[in-house]
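Read off the chains here:
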Amino acid sequence: MTDTRGAGERLEELDAVEGLAVEPITQWDLFWTRLRRHRLAMVAAGVLTFMVLLVVLAPLLPFEDPTQRLLDDTGRTLRNIGPRGGILFGTDELGRDVLSRVVYGGRASLIVGGVTGALVCTMGTLVGSIAGYYPGPVDQSLMRFTDLVLGLPLLPVAIVVGRILPDVEWLPSWVGDGPIGIALLLGFLSWGGLARIVRAEFLSLREKEFVEAARAAGANDRRIVFRHILPNAISPIIVQTTLIVGIAIIVEAALSFLGFGIPPPTPTWGGIVSEGGRIAVRGFWWQLVFGGTALVVTVLSINFLGDGLRDALDPTQTIERK
Amino acid sequence: MFAYIIRRLVYGAVTLIALSFIVFMMLQAAGSPLDRLYLNNLLEDGFIEEVTRLWGLDQPLLVQYWKWLTNYVQPLDFSPQNIIPWIVLGIVAVAIAAIWRFAEPRFRPAWILGVVFVGAMVALRNMNIEFDWGISFNSGSTLVWDEVFSRAGATFRLGFTALGIALIVGIPLGIYQALRQYSFFDQLGTFSAFVAFSTPIFVIGVALQTYVAFRFEEWTGVKLFFVAGMTGDNYAQLSFIDQMGDIFRHLTLPAISIALISLAGYSRFQRASMLEVMRSDYLRTAKAKGLSRRTIIVKHALRNALIPIVTLVSIDIAFIIGGAIITESIFGWPGLGRKYIEALGVVDFPVIMAIVLVIGIGIVIMNIVADILYGVLDPRVRYD
Amino acid sequence: MAEPLLEVNDLRTYFSTEEGIVRAVDGISFTLDRQERLGIVGESGSGKSVTAMSIMRLIEPPAGEVVTGTITFKGRNLLEYDEADMQDIRGGQIAMIFQDPMTALNPVYTIGDQLMETIMLHQKVSRKEAYDIALTAIEDVQIPGAKSRMETYPHELSGGMRQRIMIAMGLSCNPDLLIADEPTTALDVTTQAQIMDLMLHLADERGTAVMLITHDLGVVAGFCDNVQVMYGGGIVEKGTVGQLFANPQHPYTWGLLGSLARMDEEEQHRLRSVRGAPPSLINLPSGCRFRPRCDFAVDVCAQAFPLLRDSGEPGQESACHRANELDLKSIVQEEEVTA
Ligand SMILES: Nc1ncnc2c1ncn2[C@@H]1O[C@H](COP(=O)(O)OP(=O)(O)O)[C@@H](O)[C@H]1O
Ligand SMILES: [Mg+2]
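Protein chains in written order, with this note's numbering: chain A, 1396 to 1717; chain B, 54 to 437; chain C, -7 to 331.
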């Protein structure tokens, strides 16, 4: 990863290949080369792909029903059985299969992460672009609004809403009781940071020569925004979005942990850790460990991927060598 | 500069109103508090009629909110117990005038803030204060003020310890990593920071509680830390040293649970900021002057690299408070956060609203403090 | 002849980047006498700053490294100094002024602090004496209200003022050599000349030699004794200012001269410019580095790397295979006639 050899030594190596024609490197190639060199990011991408496949395909795979208790031959419930062949992650206090609960619990987390990410990405980019492109009253009022949203403390507000959602009668139950409701909530609370970043990017880019040139060449607003400005702002957008996805998964889990998230018996990682913590004091560690690990590994992968993307998209990285 | 302070206060007030309004409407969306009150058979006869009248519970939502808001800022009792508050008031007024006259402009806000803070602390100790935050809908008898205000101290202690740990460990760590960029230690530090940053507070909390406090004692028979609470039962009888020990053994685990994420964030941020400063032109100038590496780092780099972390901390305050809500529930810490969760469980309207606003006020104040501190550290800042 | 103040011999400074090795300075040699004013000219990216940074030993591994060469300053090779000795040299005997005065001063310390820091570092003086020296230094660079300036922060000063402070700082310890790396590039035209005048006047007073780095031949014409032209990490031509301007030997110098609008000429001649882009210092062209942009390139230019050798007037050197056969001077004159 780090090349600590002196320049002289490397030069000899270079001399050996001198004379070879060098292909021009495009931005895209550079991006891929750098991303692929970020080993942790590649591992993280692998882990995430695996998680998503597992969670999506779960009903087709031979997992137990995550809400049904397991019975032994005599018909007794298998409560708090440690990991063993056939029951890889053990069972919980109600005799449910922990492996299958962890897998199905991933659904809630990944849906929340994905939907929140999509929401934040769209809203943040939209608000930020509009504010950045139309200076004056539009910008001013949008930014005041953004400040206001940013001023709301995420968790205290999220907890209230999480607590209230299932009680709101006029909401359809797939919003009130499911991950979608939580995702909408988190999305609406967390787009402010991205909006600010995108706006700042617009403000600096709209004065740049290439944008001026495009404008002089008669490009219309939409073309300028989509062809010239947004592609340049893509790096902070992606980085901020991955960050938010990680945070959203954590907050959803925290809500479920506190009992204000997705109501049982639907499995969630937060819920699994909460129950697992209660029984871990009696030595039944598996629920806490497996639930917690799934959560940490997922968020960690997202953050590593985000880091890899940031490195790969960062234009100043051409000079600094790692 | 006056304009700046006023503007900050106005923004703060607007944020608080928006916050309370949103939470108020959210709570209402799940049904009128009256419906819940009718279900509560603990309440004395006449209580429901009384609060309905006082809080306008049978009136339109906006009227209800307005009543709540005006009541919230209304003191029930605000009386000096002796002459000291008046003396303090006088001293503060004189001090502010002196600061205005003699202090360098960029230090004025900090001085004024300090004087006001110390003055308020002394004055409040010698006053009865109580705001009309209503009566708990759940118990039907206790004053919300008593339930909430008495718990702010516990959350304060927890939050500040966590912040302290995060700063004291995170900042030096980040600086050290920057100075040894790409070393093994740096890479280890970066990796650990990522792991810590990705580990939810409740996972850390539950793991620490289960294994470091609970199972550790079972395995070894040594009680290192307490599983729950803020002080032991016999706290009052202990000597001062033992009291400190008792506090330490209660405080450490929940504080670490909250601190870890922030710590990771600070170390990452500090590392980046230090690296940026190390690359800056003025550091090149410092080197070209012939300063030693030590002076360059301590005098020229650190002073600059520490400035931006102030902003990060001010953003982080809200997260630390969020973290306190979670850890307090895990470790049975008698603070605002746990009360908040309890109140939400039974949708105790006035208690929830009171705590939301206390949290909001805390965040707004801390942000203003951070802004002023930034101005003290960075001579380029202008208040206008 | 007395020993030169500074003698650089076959200096090579390379950077390793992810695209490959950057040969920023690739085998340059030159000497600088006491009190000489040497101009180093070249377009941006030609390795001028890296040369200066190498002399100051400010190139930091692992990013970059002085690979070979010697830098003899007052008879001793700076590359063999340990860090502590080097710290005495920096700021004390060789001072440096940088291109961008806006960012070169530490924003959180006052001007006075930063000046006195240098003074106390290199001179055995008390705080009080250092204060007085700093005050004089500010007065020397003609900033009014020196006393109150001591208390101001860099951001309160304009770019020109800050560059004056940098000059004051550089000269406050009476160094033997002042390296000025494009000291006026970031300033507006009217202040440029003032600052140059001031700097060189003060340097002369102190007997300080000046190595003036610039991409502007015009500045060199006005202020230097000798000049050397850098291209692609190497020196392509050197000589006195008069020689170079009157009788350029290298097509690159010739190109640079052509792009210079001269105020003193009655007749306006057509401005010429060097076509093409600076070479990549990673994949250098074979043979002469200037070849791809040269109007006079022939086969030999692609095969052999041209070394610096005598050409033109005595003391003038150029690194061009065709220096002696080309008569660049007359091409200039022809152009002027046809224009
Ligand atoms: N820290 C560095 N890392 C990699 N390349 C560098 C570094 N510093 C300078 N270079 C390269 O060295 C070459 C010469 O730079 P420089 O000496 O700054 O040119 P100039 O003549 O404009 O002062 C440039 O191509 C630049 O990209
Ligand atoms: Mg340069």
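One or more of the hints may lead you astray.
As the list claims (entries may be wrong) - Below 27 Å or equal to it, Euclidean Cα-Cα: the simulated BS3-like pairs (lysine-lysine) are:
| no. | chain 1 | residue 1 | chain 2 | residue 2 |
| --- | --- | --- | --- | --- |
| 1 | B | K352 | C | K66 |
| 2 | C | K139 | B | K120 |
| 3 | C | K120 | C | K66 |
| 4 | C | K120 | B | K352 |
| 5 | C | K120 | C | K139 |
It is worth saying that the hints were derived from the structure and are not from the lab.
Quick check: which numbered hints come out false for this structure?
-> 1, 2 and 3
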